[in-house]
Structures are given as C-alpha cells and as structure tokens.
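Chains as they are written, first to last, in the numbering used here: chain R, 147 to 607; chain Z, 147 to 607.
Quick caveat, the hints were computed from the structure, so don't treat them as lab data. Just so it is clear, CB atoms sit at the ideal spot from N, CA and C, and this is done for glycine as well. There's no promise every hint is true.
Computed footprint of chain Z on chain R, listed as stretches where at least three residues anywhere in the stretch have a Cβ under 8 Å from a Cβ of chain Z [stated by the list, open to error]:
1. 160-174
2. 205-216
3. 292-303
4. 315-328
5. 352-364
6. 466-476
7. 534-547
Okay, the calculated beta carbon distance ranges per label pair [claimed, not checked]:
8. R:Glu388 to Z:Tyr481: 51 to 57 Å
9. Z:Ala476 to R:Arg577: 51 to 57 Å
10. R:Tyr269 to Z:Lys465: 49 to 55 Å
11. R:Arg577 to Z:Ile168: 58 to 64 Å
12. Z:Tyr481 to R:Lys548: 22 to 28 Å
13. Z:Gly208 to R:Arg498: 36 to 42 Å
2 protein chains.
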Amino acid sequence: MDNATRQALIDIVGPENVTEKIMDLVSYSYDASSYEHRPDCAMWAVSTEQVSRILSVANEKGIPVTVRGAGTGLGGLAVPAQGGIVLDLTRMNSILEISIPDRLAVVQPGVVYADFQAALAPYGFFFPPDPASGVVCTLGGNVATNAGGLHAVKYGTTRDYVLSLEAVLASGEVMRVGARTMKTSSGYDLCRFLVGSEGTLAVITEITLKVAPKAAHRATALAVFHTLEDAGEAVTRVMHSEVTPSVLELLDGSVISLLREHAHIDLPDVEALLLVETDGMTEGYVRFQLEKIAEMFRGCNAAEVELAATEEEAEGLWKARKSIGGMMGALHLDYIPEDITVPMSQIATFLRQSEELSRIHGLDLFNFGHAGDGNLHTNIFFDGNDPDQVARLEPLLYDLHKLACDLGGTLSGEHGIGMTKAKYLPLEHDRTALKTMRTLKQALDPNNILNPGKMGLDFFP
Amino acid sequence: MDNATRQALIDIVGPENVTEKIMDLVSYSYDASSYEHRPDCAMWAVSTEQVSRILSVANEKGIPVTVRGAGTGLGGLAVPAQGGIVLDLTRMNSILEISIPDRLAVVQPGVVYADFQAALAPYGFFFPPDPASGVVCTLGGNVATNAGGLHAVKYGTTRDYVLSLEAVLASGEVMRVGARTMKTSSGYDLCRFLVGSEGTLAVITEITLKVAPKAAHRATALAVFHTLEDAGEAVTRVMHSEVTPSVLELLDGSVISLLREHAHIDLPDVEALLLVETDGMTEGYVRFQLEKIAEMFRGCNAAEVELAATEEEAEGLWKARKSIGGMMGALHLDYIPEDITVPMSQIATFLRQSEELSRIHGLDLFNFGHAGDGNLHTNIFFDGNDPDQVARLEPLLYDLHKLACDLGGTLSGEHGIGMTKAKYLPLEHDRTALKTMRTLKQALDPNNILNPGKMGLDFFP
Numbered sequence: 147m148d149n150a151t152r153q154a155l156i157d158i159v160g161p162e163n164v165t166e167k168i169m170d171l172v173s174y175s176y177d178a179s180s181y182e183h184r185p186d187c188a189m190w191a192v193s194t195e196q197v198s199r200i201l202s203v204a205n206e207k208g209i210p211v212t213v214r215g216a217g218t219g220l221g222g223l224a225v226p227a228q229g230g231i232v233l234d235l236t237r238m239n240s241i242l243e244i245s246i247p248d249r250l251a252v253v254q255p256g257v258v259y260a261d262f263q264a265a266l267a268p269y270g271f272f273f274p275p276d277p278a279s280g281v282v283c284t285l286g287g288n289v290a291t292n293a294g295g296l297h298a299v300k301y302g303t304t305r306d307y308v309l310s311l312e313a314v315l316a317s318g319e320v321m322r323v324g325a326r327t328m329k330t331s332s333g334y335d336l337c338r339f340l341v342g343s344e345g346t347l348a349v350i351t352e353i354t355l356k357v358a359p360k361a362a363h364r365a366t367a368l369a370v371f372h373t374l375e376d377a378g379e380a381v382t383r384v385m386h387s388e389v390t391p392s393v394l395e396l397l398d399g400s401v402i403s404l405l406r407e408h409a410h411i412d413l414p415d416v417e418a419l420l421l422v423e424t425d426g427m428t429e430g431y432v433r434f435q436l437e438k439i440a441e442m443f444r445g446c447n448a449a450e451v452e453l454a455a456t457e458e459e460a461e462g463l464w465k466a467r468k469s470i471g472g473m474m475g476a477l478h479l480d481y482i483p484e485d486i487t488v489p490m491s492q493i494a495t496f497l498r499q500s501e502e503l504s505r506i507h508g509l510d511l512f513n514f515g516h517a518g519d520g521n522l523h524t525n526i527f528f529d530g531n532d533p534d535q536v537a538r539l540e541p542l543l544y545d546l547h548k549l550a551c552d553l554g555g556t557l558s559g560e561h562g563i564g565m566t567k568a569k570y571l572p573l574e575h576d577r578t579a580l581k582t583m584r585t586l587k588q589a590l591d592p593n594n595i596l597n598p599g600k601m602g603l604d605f606f607p
Numbered sequence: 147m148d149n150a151t152r153q154a155l156i157d158i159v160g161p162e163n164v165t166e167k168i169m170d171l172v173s174y175s176y177d178a179s180s181y182e183h184r185p186d187c188a189m190w191a192v193s194t195e196q197v198s199r200i201l202s203v204a205n206e207k208g209i210p211v212t213v214r215g216a217g218t219g220l221g222g223l224a225v226p227a228q229g230g231i232v233l234d235l236t237r238m239n240s241i242l243e244i245s246i247p248d249r250l251a252v253v254q255p256g257v258v259y260a261d262f263q264a265a266l267a268p269y270g271f272f273f274p275p276d277p278a279s280g281v282v283c284t285l286g287g288n289v290a291t292n293a294g295g296l297h298a299v300k301y302g303t304t305r306d307y308v309l310s311l312e313a314v315l316a317s318g319e320v321m322r323v324g325a326r327t328m329k330t331s332s333g334y335d336l337c338r339f340l341v342g343s344e345g346t347l348a349v350i351t352e353i354t355l356k357v358a359p360k361a362a363h364r365a366t367a368l369a370v371f372h373t374l375e376d377a378g379e380a381v382t383r384v385m386h387s388e389v390t391p392s393v394l395e396l397l398d399g400s401v402i403s404l405l406r407e408h409a410h411i412d413l414p415d416v417e418a419l420l421l422v423e424t425d426g427m428t429e430g431y432v433r434f435q436l437e438k439i440a441e442m443f444r445g446c447n448a449a450e451v452e453l454a455a456t457e458e459e460a461e462g463l464w465k466a467r468k469s470i471g472g473m474m475g476a477l478h479l480d481y482i483p484e485d486i487t488v489p490m491s492q493i494a495t496f497l498r499q500s501e502e503l504s505r506i507h508g509l510d511l512f513n514f515g516h517a518g519d520g521n522l523h524t525n526i527f528f529d530g531n532d533p534d535q536v537a538r539l540e541p542l543l544y545d546l547h548k549l550a551c552d553l554g555g556t557l558s559g560e561h562g563i564g565m566t567k568a569k570y571l572p573l574e575h576d577r578t579a580l581k582t583m584r585t586l587k588q589a590l591d592p593n594n595i596l597n598p599g600k601m602g603l604d605f606f607p
C-alpha cells in the first residue's frame, strides 16, 4: 500500500483505527476455517459514511476489501484471500430501534447476535434464526451467510427475516433496499439478493429485521431407532403430517458411540436418535403436537420414545445434542464440520451412503444435524500431521458433496460457500447459473474489490 | 416483423401457435390495468426448449418479448408496452411433481392457482399465498409479481415459498436456480431475485414451491370500532402480542357505508371493522387465540365483538369482506384498486390522511385490506368520461403513494410496479438503488427484450 493511500485511509477513520501491526494482521488472517491469508491492513469503521469513503478509496486504487464481523465463519468468508483491507465492523454495534407493533428491529451489522436476543426478550419477542455461534457472532455475518440453525424447520433462516438493508456499493455509493413492511412487490428484490452474498456485492451497514413473538411453551421428546431407515421414515412421516416441530434433530450411530465413550452419556447402541421439540402458546397444544409426533415415531419402530414431563427432563433429553460441540473440542482431533443439505426424504439415503464413502476413503465421519430441514452436519475426522490422511480428505469431501447434489441437495445449508466450497459449485449449479452469478458480480463490482477470491466468482468458467 | 423472423418463429412452435390476427392481438393488448398496447404477434409455447429458441431469435433481432399468464395483473405487467411478441405460457400447465415428505411441488408456470390448490388438498396440504384472482391466475404470474393475499400476515407471500426455478435468459440460455431443499447458502440467491421481477430478467419455465400442512381448524371474529384510531390501536396490540392471526382484515367507514347501501348488508355506522381469523390443529387452540384477540379488541373500545360459534356464523362474518369485489362490479363505476403498504403501526395515520387527501382532491375513495401486514387496498372512484375528474386522479395517486412512503411504506404490497407505478419509484427507492436495478437489468438483458417499458427500468435517471 503506497503512502498516499495509507494517508487517505487514516484521514477517514483516524490513525488509531488503522493497523499494520504484524500481530493484528495475523489475527485478521483467519476465520474458523482452515484457510488463512494476511491482509495489508485492518481498519475499524464506525459509520456508513466512513465505510463509503473507504470503499471509494479502495475502488479507485483497486484494493481488496474484506468485511469482518466476529470471524466465526466456517467457510473462509472473512479471510482476506487477496490481501488488501480487512474492514472490521464490530464497532458498529448499536441496536437502533425496536418496534414491536411493526414486528421489526433496526440494527447495525456489528451487533452481537446474543445481545440482540437479550434486547428483544423483555418484549416476549425473538429473532428466530439461531446459529450455533450466537454467543459471539454478529448479525452482519448472519446476513452475509444467510445463517440458519436448529429452529429453521419451523422458523426459516436469516433471509426470511431481513426486511431492509442499507448497503454501500463498491463505488462507495450508499443505497437502501427492501422495505420496512411485511410485504413488498416494488422493484427488484435487491434486499434478499444481498442476503447470503458473503460481502462480495456490497458492505451492509444497517439491517432491518423481522422479529417474532416467542412461544411461551415447549415440549421435548427423544426417540432412538435401530436403523437409519426407520429414523428416516419417522422424519418423512412427521413432514407428511400437519405438525411442524420447532426442532427435529438427528444424531447417527457414530456420534452416539462417541458421546457414550467420550462424554459419558448413557445412550443405547442404535443407529439413530431423533430429538424433537414443539412450541406454542399453551401447554396443552405443545403436548398435543408432541404426542402426535411420538405416535409417528412408535409407528416407525422406535426402540424407545421418551417424553419430558418437566423442564429438567427436557434438559436431560437435550444433553446428548448439546454435548457434541464440547466433546469435539475435548477430543483434540482435526475435523471438518460440513453443512450439506438434502431434501428431507433423502436423509436416510445420504447417511447410509456417507458411511459407505467413509469406508471407501478410510476416514471416520459422523453425522448429526437438522433432520427437519435436511441440513446435516457431516463431521470428518483426520490427522492433519498424516499426509496420507490429508490426501484422502479432498476426494472424500468431493464425493460427499457430489452425493448431496445427486440427491437433489445443496452444498451448504447455512455456512456459505466462501473458500471451502467454491470448487464444488459446478456440482450443484449449472454453467449458465454460475455465469449469471459472475455477470451480476461484475456489474456491481467491476474492479472486483469486494471480498475477491470467494464463492468461485473469480475462476469458474 | 420481417418474413424471415416470422418464419423462424413459426419453425419453433408451428404455424398454429403463432397468431397475427387482429382479434387475437387486441385481446393480448390488455391485462386488468387501464394500459394497453398491441403486440406484433402472440405465440403459445409448450416447452422450455421452445421458449429458449424463441428468446434466441428475439434477442438476435431485438424484438420485445412479454410473457403472459392469465392476464389478471393490475399493474400493466403483461401489456406488451413496446409491441413485439406476447409469449403465452398458459399451455405449460402441468403439475410435474408433488412430494409431501419434502414439502414441495414442481409446476409449470401456466398452472392455474386453483388447480394447484385442488391437487394439494387430498394430502391435507396447501400453497399459502392466496391472491384474490386465484380462480384464474397462473402460478407463473404469482411468482413474477410476488403475489400475496389475505393470509400473508401469518404465512407470508409467494417469495417465501419459491424454492427453485428453471428460467430462460434473454440470450436463450436455460438455468436452474435455488435448491430443492428447505435452506441453502450456496451462491447468490438468483431464485428470490427472479421472484417479483415481472418478466424483465428471465422467462420462468418451471417452479418448485414449498407447500405447508393445512390447519384443520379455524375460528373467526368480527369487531367494529367507532374510530379508525381505536381500530389501529387494536391492530397494534395484536401485533404486540404472542398471537399471530391467520387473517386480520380492515374495512373503513366508507366501504362499510357502501356495503350497507349497495350490498344491503346490515352493518353499523362506524369508522372501522376488523375481521380476524385464527387457525391451528385443534379447536381449543384456535378458540384460545381468538379469545385473546377479542379481549384486545374490547380493550381498544370495540363497539361490538362477535365470535362465530359455527361455520355458518363464520360465513356470516366474512360476508361483508367477501362482498366488496362483487359490489364494486355491480356499481359500474370507474375505480383504481391500489395496494399501498405501510408498517402496521401507521395504518390509522394512513387511513385518516387518505380521507384528507380524498377531500383535497375531490375524489371519493375507500380503504380495505390486510391490516395484519399493513397492505391496504385504497380504491379511488372517478368518472372516466369527466376530464376534470381524470385530471385530478393523478395528483391524488401521487399524494397517496408519497404518503405511504413518508410513513415508511412501500408502493406495492402485492400487485407489482409494471406500468402503473413506475413513475412513483423515486418516492420509495433512492437514486443508487434505482440505478442498481437498472445495472442488473442491463447485465442480464443487454438488448432490453424482456418486457421492456416496465418497472421504470427504461427511463429513471
């Protein structure tokens, strides 16, 4: 970066908000993926105007700008793949407005997810998407990845809740898109187009989110199945019924074994476990829904169906599901957490064939995830110090993604494409769709300064 | 159209599927708006391949192509504003797949909305958006306009249900966008970007729609309020509560008077009527929700709250709302049916100020609409044979749209922009947002052949 450019950037945010210190740059080289690349500098912006001026300079000089929230992304989305500026927006962290009668809230992109939920709670309202990194991740990151979570089966993902955005284009021009209303048919939907665009089309500086009343009651049940096929059939029956559970999680035999062994949870030796939750305004209604689901589980040869009678019992049923993250940390193993998604009817097929692929490639994996929306977290173990295992990783990943796409699925249910999945895009999207993505990117960011090197936009044919 | 082009088009679909007969062309000059323009020819296509070949020819020769379904649009979307080809897709009317376990269906764009609902009914499932023209309108048109309806307050609009599309670009290239899964974060969301794009970006040739289980029970209540402000406060309280009704309709004093006089419905002389419906899996639960709402209505000084005890009584409560369309037809008056939408908290303000604008401009209007999502149908009466009234129409429309935007609203909740609202776009969208829409249009349709003259894409600065 030349001195004139450096000075121009310092003039915008002040010298204390630009860093070229090696320690800082190393920190800003990573997100939660295995990718890394060092930026030339990092900056903190606190206003839309600063973001606009930074992009004007960067666009004129052709400097890459990678926006960063909490850096919890699993796909390399916040890694400055081609250097340049990391633009940290975590200081734009104000909740600007909560309007419950309009069922919306206006926030800056750096607001931490958990802080937003805490601000909504006194109203009895909540923001339904619930990424696992909610304690630290930012709402801007949620929008950039179209984050999902446990409750998407009933409540949908981030895209379903973004009403309006303020965004800065590569040129530095600021625009508002979407509407502050529950519905709109007014011009192209630039708002949802920006959701999930991973910082490659614009920098989001303000977000208007739909919020929803929180159900006062919930009921939880856990069922175990001797075969994956029975569990898959149970999911199918629930989806075929009038009941839409608020949670429908699946754990496969491998993760059940691991939890028994390493987290010391008392679980039977079965191929699948389903955890289900219903919610609603009355206790009677959530029990009614849960009983219906329990009946369907029993009709699919569930070895056991346990309905929680109290909050404590519900906590107990959640224990296995909630212990997975901690157990993975304690195991100190290298692993890849995937987020492949398939149509719900294909879950058992995917799980069975993923076991087969695990055997073929000689790498262990287990599956858990959101069976109610088909989003499966396939976790693949490998030893990063063993070149032979590392060499086998990529072919296995390719086969898993190909399998998902062959079953009518998608590469990513909630993590995004970023750097990790760019190479698989042609498995899911046809040539014309990929070309169209690149055409739109080029139209909005002709100098390719916004998060270059992501989502395959630079290199696919 | 030169002979070579005519022959090229005939070669694609056969001579019986191209018409230049004046009677046909007159029919294809209109939709349900007041706009008209004659095309050079009309064509019926029955396959994606035919659509692709037609667009290739049109793109090469620079001939406008305006896609048409049932022609029920209220915004001039299907009017061939610059002549060329009207491409009628009503013969692409097959329901290709219904997969209840995956909670989706695959349809061609010409499928009539009501036929689709009829096909889903035996499964206990339905397609939640419910445009008033459902008996005749096509699903392709629903997608092109992002159609809404009575139940959007709880169930959302068409965009929320479009999972995947097959679409033909202006070049004739065919692409699939979106995914056959409940969630996806895989590349730009081209799918929702095409929803509501009014045939200006691509021709949609196949649609994958999310479907939902139909609630077995519903309960209905009707409340009348002496003042608009009390009714507005009642809407606010409901939105502020844990209950999300499946219907929350408002009728203002003017339409109540008209119904009393012309439809002979026994209604009191009040400023507002709210019709509410709750739905769910048990009778107890829908009553529980309805009682909660009735209590809120009473707390807002409702003059009367009537809860239907039977299906017949519910029908009775719906009578006023359902009679509006027929009454308007019987009145034989010229009128403009608007679909302005405001944040729910602004409904009373909008209604009161729209009365004021009616007085100022000397044209009668009444309001009814979907209070639960802020979507109001302002109907303006005028005498089309009176040049003075016609001259006053446009300033009133401008002021109404400006008022909506000043209150944080949107120009169109469900009809689309088309030709009728293009001139108001700058009231809602800033210059950069409008420029971005045009940039994206130009990137995908550089020869401007797809439904040119719509959505202000040709002329805004």
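Status of each hint after checking the structure:
1. 160-174: Violated, because only 0 residues of the region 160-174 of chain R bring their Cβ atoms closer than 8 Å to Cβ atoms of chain Z.
2. 205-216: violated (count 0)
3. 292-303: holds (count 7)
4. 315-328: holds (count 10)
5. 352-364: holds (count 5)
6. 466-476: Check failed, 0 qualifying residues.
7. 534-547: As far as the region 534-547 of chain R goes, the hint is violated, because 0 residues have Cβ atoms under 8 Å from chain Z.
8. R:Glu388 to Z:Tyr481: 51 to 57 Å: violated (40 Å)
9. Z:Ala476 to R:Arg577: 51 to 57 Å: holds (55 Å)
10. R:Tyr269 to Z:Lys465: 49 to 55 Å: For Tyr269 of chain R and Lys465 of chain Z the Cβ distance comes to about 36 Å; the hint is violated.
11. R:Arg577 to Z:Ile168: 58 to 64 Å: Taking Cβ atoms as reference, Arg577 of chain R and Ile168 of chain Z lie about 42 Å apart, which means the hint is violated.
12. Z:Tyr481 to R:Lys548: 22 to 28 Å: violated (57 Å)
13. Z:Gly208 to R:Arg498: 36 to 42 Å: Because 54 Å falls outside the window, the suggested range is violated.
In summary, the numbered hints that this structure violates are 1, 2, 6, 7, 8, 10, 11, 12, 13.
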